[in-house]
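S.K.: Here is how the chains run, residue by residue.
Protein chains: 2
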Amino acid sequence: MDQQRVVIIGAVALGPKVACRLKRLRPDFQVTMVDQDEYISYGGCGIPYYISGDLSDIKELMSTSFHMLRTPEFFEQAKDVRVMTRTRALTVDRRAKSVRVRHLDSGPEEDLPYDRLVLATGSRPRRLSVPGGDLPQVLGVANLQDALAVRERVSQGQVGKAVIIGAGPLGLEMAEALGDLWGVETTLVEIAAQVLPGVLDPGLARMVAKHLEDHEVTVHLQETVTEIRPGAGAHALQVVTGKRTLDADLVVTALGVRPNSQLAAAANLAVSPQGGIVVNHRLQTSDPDIYAGGDCIENRHLVTGKPVYFPSGSLANRQGRVIGTNLAGGDAQFPGIVGSFTMKIFNLAMAAAGLSLTAALREGLDAVSALVIQADRAHFYPGQDLMYLQLVVDKKTRRLLGAQGLGANGDALVGRVNSIAALLSRGAGLEDLSNLEVAYSPPFASALDIVNAVANTAENILDGYNRTVEVADFEHCFLTEQAGDVICLDVRGAANAAPYVDLFGPRWLNIPQETLKDRFAEIPTDKRLIVVCNSGVRSYEALRQLETAGICNAVNLQGGVAALKKTGLLQAAEKEEED
Amino acid sequence: MDQQRVVIIGAVALGPKVACRLKRLRPDFQVTMVDQDEYISYGGCGIPYYISGDLSDIKELMSTSFHMLRTPEFFEQAKDVRVMTRTRALTVDRRAKSVRVRHLDSGPEEDLPYDRLVLATGSRPRRLSVPGGDLPQVLGVANLQDALAVRERVSQGQVGKAVIIGAGPLGLEMAEALGDLWGVETTLVEIAAQVLPGVLDPGLARMVAKHLEDHEVTVHLQETVTEIRPGAGAHALQVVTGKRTLDADLVVTALGVRPNSQLAAAANLAVSPQGGIVVNHRLQTSDPDIYAGGDCIENRHLVTGKPVYFPSGSLANRQGRVIGTNLAGGDAQFPGIVGSFTMKIFNLAMAAAGLSLTAALREGLDAVSALVIQADRAHFYPGQDLMYLQLVVDKKTRRLLGAQGLGANGDALVGRVNSIAALLSRGAGLEDLSNLEVAYSPPFASALDIVNAVANTAENILDGYNRTVEVADFEHCFLTEQAGDVICLDVRGAANAAPYVDLFGPRWLNIPQETLKDRFAEIPTDKRLIVVCNSGVRSYEALRQLETAGICNAVNLQGGVAALKKTGLLQAAEKEEED
Numbered sequence: 001m002d003q004q005r006v007v008i009i010g011a012v013a014l015g016p017k018v019a020c021r022l023k024r025l026r027p028d029f030q031v032t033m034v035d036q037d038e039y040i041s042y043g044g045c046g047i048p049y050y051i052s053g054d055l056s057d058i059k060e061l062m063s064t065s066f067h068m069l070r071t072p073e074f075f076e077q078a079k080d081v082r083v084m085t086r087t088r089a090l091t092v093d094r095r096a097k098s099v100r101v102r103h104l105d106s107g108p109e110e111d112l113p114y115d116r117l118v119l120a121t122g123s124r125p126r127r128l129s130v131p132g133g134d135l136p137q138v139l140g141v142a143n144l145q146d147a148l149a150v151r152e153r154v155s156q157g158q159v160g161k162a163v164i165i166g167a168g169p170l171g172l173e174m175a176e177a178l179g180d181l182w183g184v185e186t187t188l189v190e191i192a193a194q195v196l197p198g199v200l201d202p203g204l205a206r207m208v209a210k211h212l213e214d215h216e217v218t219v220h221l222q223e224t225v226t227e228i229r230p231g232a233g234a235h236a237l238q239v240v241t242g243k244r245t246l247d248a249d250l251v252v253t254a255l256g257v258r259p260n261s262q263l264a265a266a267a268n269l270a271v272s273p274q275g276g277i278v279v280n281h282r283l284q285t286s287d288p289d290i291y292a293g294g295d296c297i298e299n300r301h302l303v304t305g306k307p308v309y310f311p312s313g314s315l316a317n318r319q320g321r322v323i324g325t326n327l328a329g330g331d332a333q334f335p336g337i338v339g340s341f342t343m344k345i346f347n348l349a350m351a352a353a354g355l356s357l358t359a360a361l362r363e364g365l366d367a368v369s370a371l372v373i374q375a376d377r378a379h380f381y382p383g384q385d386l387m388y389l390q391l392v393v394d395k396k397t398r399r400l401l402g403a404q405g406l407g408a409n410g411d412a413l414v415g416r417v418n419s420i421a422a423l424l425s426r427g428a429g430l431e432d433l434s435n436l437e438v439a440y441s442p443p444f445a446s447a448l449d450i451v452n453a454v455a456n457t458a459e460n461i462l463d464g465y466n467r468t469v470e471v472a473d474f475e476h477c478f479l480t481e482q483a484g485d486v487i488c489l490d491v492r493g494a495a496n497a498a499p500y501v502d503l504f505g506p507r508w509l510n511i512p513q514e515t516l517k518d519r520f521a522e523i524p525t526d527k528r529l530i531v532v533c534n535s536g537v538r539s540y541e542a543l544r545q546l547e548t549a550g551i552c553n554a555v556n557l558q559g560g561v562a563a564l565k566k567t568g569l570l571q572a573a574e575k576e577e578e579d
Numbered sequence: 001m002d003q004q005r006v007v008i009i010g011a012v013a014l015g016p017k018v019a020c021r022l023k024r025l026r027p028d029f030q031v032t033m034v035d036q037d038e039y040i041s042y043g044g045c046g047i048p049y050y051i052s053g054d055l056s057d058i059k060e061l062m063s064t065s066f067h068m069l070r071t072p073e074f075f076e077q078a079k080d081v082r083v084m085t086r087t088r089a090l091t092v093d094r095r096a097k098s099v100r101v102r103h104l105d106s107g108p109e110e111d112l113p114y115d116r117l118v119l120a121t122g123s124r125p126r127r128l129s130v131p132g133g134d135l136p137q138v139l140g141v142a143n144l145q146d147a148l149a150v151r152e153r154v155s156q157g158q159v160g161k162a163v164i165i166g167a168g169p170l171g172l173e174m175a176e177a178l179g180d181l182w183g184v185e186t187t188l189v190e191i192a193a194q195v196l197p198g199v200l201d202p203g204l205a206r207m208v209a210k211h212l213e214d215h216e217v218t219v220h221l222q223e224t225v226t227e228i229r230p231g232a233g234a235h236a237l238q239v240v241t242g243k244r245t246l247d248a249d250l251v252v253t254a255l256g257v258r259p260n261s262q263l264a265a266a267a268n269l270a271v272s273p274q275g276g277i278v279v280n281h282r283l284q285t286s287d288p289d290i291y292a293g294g295d296c297i298e299n300r301h302l303v304t305g306k307p308v309y310f311p312s313g314s315l316a317n318r319q320g321r322v323i324g325t326n327l328a329g330g331d332a333q334f335p336g337i338v339g340s341f342t343m344k345i346f347n348l349a350m351a352a353a354g355l356s357l358t359a360a361l362r363e364g365l366d367a368v369s370a371l372v373i374q375a376d377r378a379h380f381y382p383g384q385d386l387m388y389l390q391l392v393v394d395k396k397t398r399r400l401l402g403a404q405g406l407g408a409n410g411d412a413l414v415g416r417v418n419s420i421a422a423l424l425s426r427g428a429g430l431e432d433l434s435n436l437e438v439a440y441s442p443p444f445a446s447a448l449d450i451v452n453a454v455a456n457t458a459e460n461i462l463d464g465y466n467r468t469v470e471v472a473d474f475e476h477c478f479l480t481e482q483a484g485d486v487i488c489l490d491v492r493g494a495a496n497a498a499p500y501v502d503l504f505g506p507r508w509l510n511i512p513q514e515t516l517k518d519r520f521a522e523i524p525t526d527k528r529l530i531v532v533c534n535s536g537v538r539s540y541e542a543l544r545q546l547e548t549a550g551i552c553n554a555v556n557l558q559g560g561v562a563a564l565k566k567t568g569l570l571q572a573a574e575k576e577e578e579d
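As given, the protein sequences belong to chains A and B, one line each in that order.
Okay, so the first sequence: first residue is 1 according to the numbering used here, each after it adds one.
Okay, so the second sequence: first residue is 1 according to the numbering used here, each after it adds one.
Among the hints, erroneous ones may be present.
Intra- or inter-copy, both count: the list cannot distinguish identical chains.
Straight line, CA to CA, 25 angstroms or less: simulated SDA-like cross-link-like pairs of lysine to any residue [as the list claims (entries may be wrong)]:
hint, residue 1, residue 2
1, LYS306, GLY429
2, LYS306, ASP432
3, LYS565, ASN280
4, LYS59, GLN77
5, LYS210, GLY183
6, LYS210, PRO499
7, LYS243, THR91
8, LYS97, ASP473
9, LYS243, ILE551
10, LYS59, ASN496
11, LYS306, PRO273
12, LYS97, GLU152
13, LYS59, LEU181
14, LYS517, GLN4
15, LYS210, ASP115
16, LYS395, GLN4
17, LYS243, ASP518
18, LYS517, PHE74
19, LYS243, GLY133
20, LYS395, ARG282
21, LYS396, GLN333
22, LYS395, LEU221
23, LYS396, ASP385
24, LYS59, GLY493
Hints are computed from structural coordinates only; laboratory data are not their basis.
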């Protein structure tokens, strides 16, 4: 291929990756990146850690791993890539193969001719369209200017109370960033009935919400902000929701993002109804001379086979390499995504890949989930902690659909979810996960690791050996409704069960599993039984025994008492137990 | 299927898993486990952590996660499984379907009839067959009796010096166990030219050896113990090798294990030349009524397709479930293994899956390896540390063959290797790993994670863009031989390069990468160049620039200065740098 002129619109994440990869393969190509911003090639995902104070200098987000600033000069000197900042792309003339740009500071417009064009236009935050949403104390955290503004306010002690609108990943990260080091009294307001809607299923989301509340973040769910107005007293703002009015010195909006595809649409490139630029497996748009990737495109979900919008700085980097290779004359493919996700708040990590149960059911799949709570390393190894892992599978095909989990040790959790993500990307089934050969040594895993255990549990559910209920069912039947015909059968030792027996009286029956086979007569036959143990393992064993004995009106509480505790139910009993 | 009598020979790992799974599915089956030992169902992989003092009580290795001792009584009460300890299986009469056993304490023999039989006979340690190998201070660490004996001696202060024979995984774990808390002066003697032979390739193994030496474990490689004799002075023993005589109060043998297949062979079941019992995908032996799994069988390697012996407590658990399901009338499959491995010594974790480069080449595969050294989370995130990850791929097919790595954060490392293991088990290729969607958040990963980076590096090597040499080549050409025509081109900043320039003079040329394009004239054209940077990334960039400028006699040092440091080369320069 002859030397070519390549223009890249957008110089964060995807753009720089395309430019650098391409120049390494074809140093003779002329590569120009344009960006309307002053700052380029920064790690936007690190913004919460700058605001929290974990990073002392915002330059760390703009540096290479070898501590060089990724400035326009760096790209020109080290990479031989021309960079035009504060330069906005106005239109693409596909026939003339030219991009019209405006130099924002000096004013004039210019045409940049191209042989190949790359759209790396990214995403923009959803705006809060309520009265007062444009007040100066209402800020986003989508770019470095925002980050600097928020950190300046909190570090100067101007923020005693903050309201964060949106309990998605960024909203939660901001809650930690403001609360942890700076001690800002923080309230999250979320329109959905759970935190992390669309990311986690309600059960795990509830555990996350409890973790937030344990760290003094107030969470208001199913609440909509209707107005923001100047404050009357000590605080700059009042945030009005359908249910209350909150004082605030700062409001952070974290409502998610939308793809920047206006330029593509204006150039008559195919854009999806949701606004993502449509690309093929080579990441070419409907014009084969124009590539696109990162937050501005629509991806294909490898589990559903359907289009999906899933912005991610990490995907942008992988896609950037694919585009760079293809621009250089190669034939790299990007087949699609599985939606891998992780984040940390306070002492809790969460991770997910593939479909949640909610998403799977919405897709019309006949899906079921299994939850396992188990030590994140050998249970006898010092420092082990509980990990919570939920698997979603298709009932008929037994195909893996997704996984999500929580744990104090994020590295351990992310590793598990990544190994499942690898299987998801290959269309694997339950038995593949049951046999997945994760590495074993007591400091890092159990002999039967949680990823194998959760597959086995799902299989037991599908095969009818394990009939389960979830924490929400327990809450509904046993706590809220107190249905007279429902009792709990606690198959743990007497010491563990005692506080619950005290609390619930005859509704909480304690028969340790190892004595069960001699004590079936004590079990009322006219009641529905919820069998519980610490985690759901001994109760499964008990369930099998009950069924053998002809007692078939029993179900097993998934995750057992560990799940109840993590969700914040049964706090009264917990307290007694701790005393 | 009618009720059946199932006899299981062996009650550690596989046996109990078979029994429990089977009883949950078919409570009506009569299940009997026999074991010649007194202790059953213990976590043998935890022995080093008992000896080290990490676990205070050996009972922790025999307990469930809910702190019940897995005694014969536990199995009878909680699982309805009959257990006969101190009972040795003598012969299997396949025609009569009966096992003859001897009660070791009381003496009599008995015939146990079976409908189905399970061989869970495990492995036995290789013995040291040299004069003095049977002295009382020479111990193995294969079972709980050994563990108790070793810990008793060290905890009573009887052991000032220890010699460990064999630098495989168990030998290394024992070196930490004896050295770390108890302060025993420990020497490892290994017949091979590296530690962890057959597990890691020489490059990473050398880093492990340095880590051992940094923690005051002496390592003698390529040395064979020829005799052990009573000591003359303060120490109980003298260990004589081909090269020296070592004092010791304790000798631990850790020479690996061999499958216990004598019973199977005597019953004319198929046994491989290496001694493993031959099984099919359902884990049936050549007699369909006899199943086998765990350390006594031969597995199929999913990468080579060939038989392999790979004992592992974790595999035993997975295989136990498959056997339990099949005994109950199911049709579970165990297709094979990829050889996943991990361990921790002192502050270093190592992990591997699939084939090492050594193993791949020995298999006749046209394989190549890539090494990447990169932060284990976002390089700007506090507490990040370096991870070392090597990938092995097939040159022609680009299929993934294996991965191995090191790192201070074991959970993070194991997670990476597990995600590659998942791909290996599915026959995936380089591009699958390049695009593998590992979850991203700055606390847990880089935007372009090390698993993607190592795939990209391998691709660049295969495509001829990155011509690499390894630390051993650097040592040979640049340090040992000091070939006059080889110079290093250090493309880092002047401050980083200075100590090396001081040390090597004109043989170490420093031109920072971002200035390279203006300074080609300074590079001698009559020399071979080894381009180095901190990790191999900037030097790759420089290599591409050099080639563009027509300078084609350059190669890139994989892992850069980070690899040299981790291996212990260039310690003089390191010291200067630290000053």
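S.K.: Of all the hints given earlier, name the ones this structure violates by number, lowest first.
M.R.: 3, 7, 8, 9, 12, 15, 16, 17, 22 and 23
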